[in-house]
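Position chain H relative to chain A; hints supplied.
Listed here are the chains, written in short residue letters.
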Amino acid sequence: MANIYVDLLLDDSPIYEFSASLEGNSYIIEMIYNERSQLYFMSLYDSNRNPIVLGTALVPGYPIMFDYALPNLTGFFLLIQKGTLESEPYKEFPDKLKQYYDLVYTYVEE
Amino acid sequence: MSFAIGWEADEIQSGGFLYFDAILSWNRSFTGTTTKNPVDAGGNVTDHYINNNPVFTMSAVISGTDLSVSTNSLQNELGDIPYNARPAPSEVLVGSEDRSLLMRFVPSVINQFLPDTLPDVIMDDFRGDTSEEIQDILVNLQSGEGYNQITGQFETLIRPVVLYETNGFLSLVRKLPADNNSYLVITSINFREDTESGYALYCDLTFEKVRFANLKKVQLPPDLVQTPVKKKVTSKKSLGKCDSTQKNTSNSTDTSKSGKVDEAQSDVDPLRTTG
Chain A
348 MANIYVDLLL DDSPIYEFSA SLEGNSYIIE MIYNERSQLY FMSLYDSNRN PIVLGTALVP
408 GYPIMFDYAL PNLTGFFLLI QKGTLESEPY KEFPDKLKQY YDLVYTYVEE
Chain H
633 MSFAIGWEAD EIQSGGFLYF DAILSWNRSF TGTTTKNPVD AGGNVTDHYI NNNPVFTMSA
693 VISGTDLSVS TNSLQNELGD IPYNARPAPS EVLVGSEDRS LLMRFVPSVI NQFLPDTLPD
753 VIMDDFRGDT SEEIQDILVN LQSGEGYNQI TGQFETLIRP VVLYETNGFL SLVRKLPADN
813 NSYLVITSIN FREDTESGYA LYCDLTFEKV RFANLKKVQL PPDLVQTPVK KKVTSKKSLG
873 KCDSTQKNTS NSTDTSKSGK VDEAQSDVDP LRTTG
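Residue numbers (the working numbering), protein chains in the order written: chain A, 348 to 457; chain H, 633 to 907.
Warning: the hint list may mix true and false statements.
Below are the DMTMM-like pairs computed for lysine to aspartate or glutamate, each with C-alpha atoms no more than 25 Å apart in a straight line [said to hold, decoys possible]:
(1) LYS879(H) - GLU439(A)
(2) LYS445(A) - ASP894(H)
(3) LYS443(A) - GLU457(A)
(4) LYS429(A) - GLU777(H)
(5) LYS873(H) - ASP393(A)
(6) LYS868(H) - GLU377(A)
(7) LYS429(A) - ASP768(H)
(8) LYS869(H) - GLU433(A)
(9) LYS807(H) - ASP768(H)
(10) LYS445(A) - ASP768(H)
(11) LYS443(A) - GLU370(A)
(12) LYS429(A) - ASP442(A)
(13) LYS438(A) - ASP393(A)
(14) LYS879(H) - GLU382(A)
(15) LYS841(H) - GLU777(H)
(16) LYS429(A) - ASP354(A)
(17) LYS429(A) - GLU364(A)
Calculated from the model, a selection of chain A residues having no Cβ within reach of chain H, i.e. all distances over 12 Å [as the list claims (entries may be wrong)]:
(18) SER360
(19) ILE362
(20) SER368
(21) GLY371
(22) ASN395
(23) ILE399
(24) GLY402
(25) GLY408
(26) GLY422
(27) LYS438
In case anyone wonders, no lab produced these hints; they're calculated from the structure. Cβ atoms here follow ideal geometry from the backbone N, Cα and C, with glycine treated the same way.
Bound-form chain A, shown alone (with noise of 0.2 Å):
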């Protein structure tokens, strides 16, 4: 038993997407800055662009989708706090997670 996790894309920009593949399958994850909230929402689609999870906010330290049953995927997203800091910066600088934070998909390989 093993953890793995795979390194995902954080940027700068207000709205981006990205693929990528998690557990043998093909995703397209989708970022929006919400200014009102200063959060970004994560939408997850599978590779024909239809819907799995939409608007899921993106805050540190909390297992993202973990509480979605969904087929392929056993694991859940995280966003990781960059080195050792001990402040918050994503309630600070919210439009900044690139530079403070790490976005990954883990899961426990059997």
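Same frame as chain A, but now just chain H:
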């Protein structure tokens, strides 16, 4: 009291107005809406009031019988007479233009063999039933379409109308809407035909008094354009395909990241086997 409905010329038809021979009902409705926000005390609190457009409904009759001769005297402010006005019929004149001296003085014994000349009959034009045309006019006022040169497609046009209220002497007493800032539009028309209606046109009309908003182009303040608004109009950026290499936390070089992944995995493990 009766009403006449007027409209201005546009690309569908020329302007004009119609006189309703009878008004069976005339209702004016002024309504508003309050916001309702439920609160924990078990009631609603209201923080806004929205004024709805006034709605006027009318049941009107335009007769198919040629009776409205007096509407010819009704005029709008431009001096036009109603489309369905009928002038009083003039008398029929029968005359002959044959003025040849030969026919007058030659005795009948002889002129019976000369060719006859037909008498001229002078009378008004045929006064047919206009209810079908009036029906088309009203439908066009409600749902007329016009061709937009800019977009290159047919669009439903907004066709404002005015209502002229008249008294028993067919003089205009009031115009609706009275101000130039608001307009009346026909939002529904219902034509009724039954065993009693005969040739008359019975219609139920609903008007809504509206105010049109025009598109304005304004210069945004530079400080507003700098960051917040600029972001909102940014198009989506595609980062392409992400390097989806799977990494094992046990042999990862980035120990800080792998440690946090392990920590998160153990945190969501219901058995909490580690930590």
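Since GLY422(A) was said not to touch the interface, does its Cβ keep a gap of more than 12 Å from each Cβ of chain H?
With a cut-off of 12 Å, GLY422(A) comes too close to chain H, as the shortest Cβ separation is near 8 Å.
Determine whether the non-interface label on ILE399(A) survives the test: each CB of chain H must be over 12 Å from its CB.
Holds, because the least Cβ-Cβ distance between ILE399(A) and chain H comes to about 16 Å, which exceeds 12 Å.
May I ask you to check that SER360(A) keeps its beta-carbon over 12 Å from the closest beta-carbon of chain H?
The assertion about SER360(A) is violated, with a minimum of 4 Å to chain H.
Is it the case that GLY402(A) keeps its Cβ farther than 12 Å from each residue Cβ in chain H?
15 Å, holds
Starting from LYS873(H), check that the Cα of ASP393(A) is at most 25 Å away, please.
14 Å, holds
Given the hint that LYS868(H) pairs with GLU377(A), test it: the Cα-Cα distance must not exceed 25 Å.
9 Å, holds
Take the C-alpha atoms of LYS445(A) and ASP768(H), compute the straight-line distance between them, and say whether it is at most 25 Å.
64 Å, violated
Are LYS869(H) and GLU433(A) close enough, with their CA atoms no more than 25 Å apart?
31 Å, violated
Are the Cα atoms of LYS429(A) and GLU777(H) separated by 25 Å or less?
With a Cα-Cα distance of about 61 Å, the restraint between LYS429(A) and GLU777(H) is violated, given a limit of 25 Å.
Is ILE362(A) truly not at the interface, in the sense that its beta carbon sits beyond 12 Å from all beta carbons of chain H?
Label violated. Min Cβ-Cβ 5 Å, cutoff 12 Å.
Given the hint that LYS807(H) pairs with ASP768(H), test it: the Cα-Cα distance must not exceed 25 Å.
24 Å, holds
Verify that the Cβ of ASN395(A) lies farther than 12 Å from every Cβ atom of chain H, and report whether the claim holds or is violated.
16 Å, holds
Figure legend: structure checked against the earlier numbered hints; hints not met, in rising order: 1, 3, 4, 7, 8, 10, 11, 13, 14, 18, 19, 20, 21, 25 and 26.
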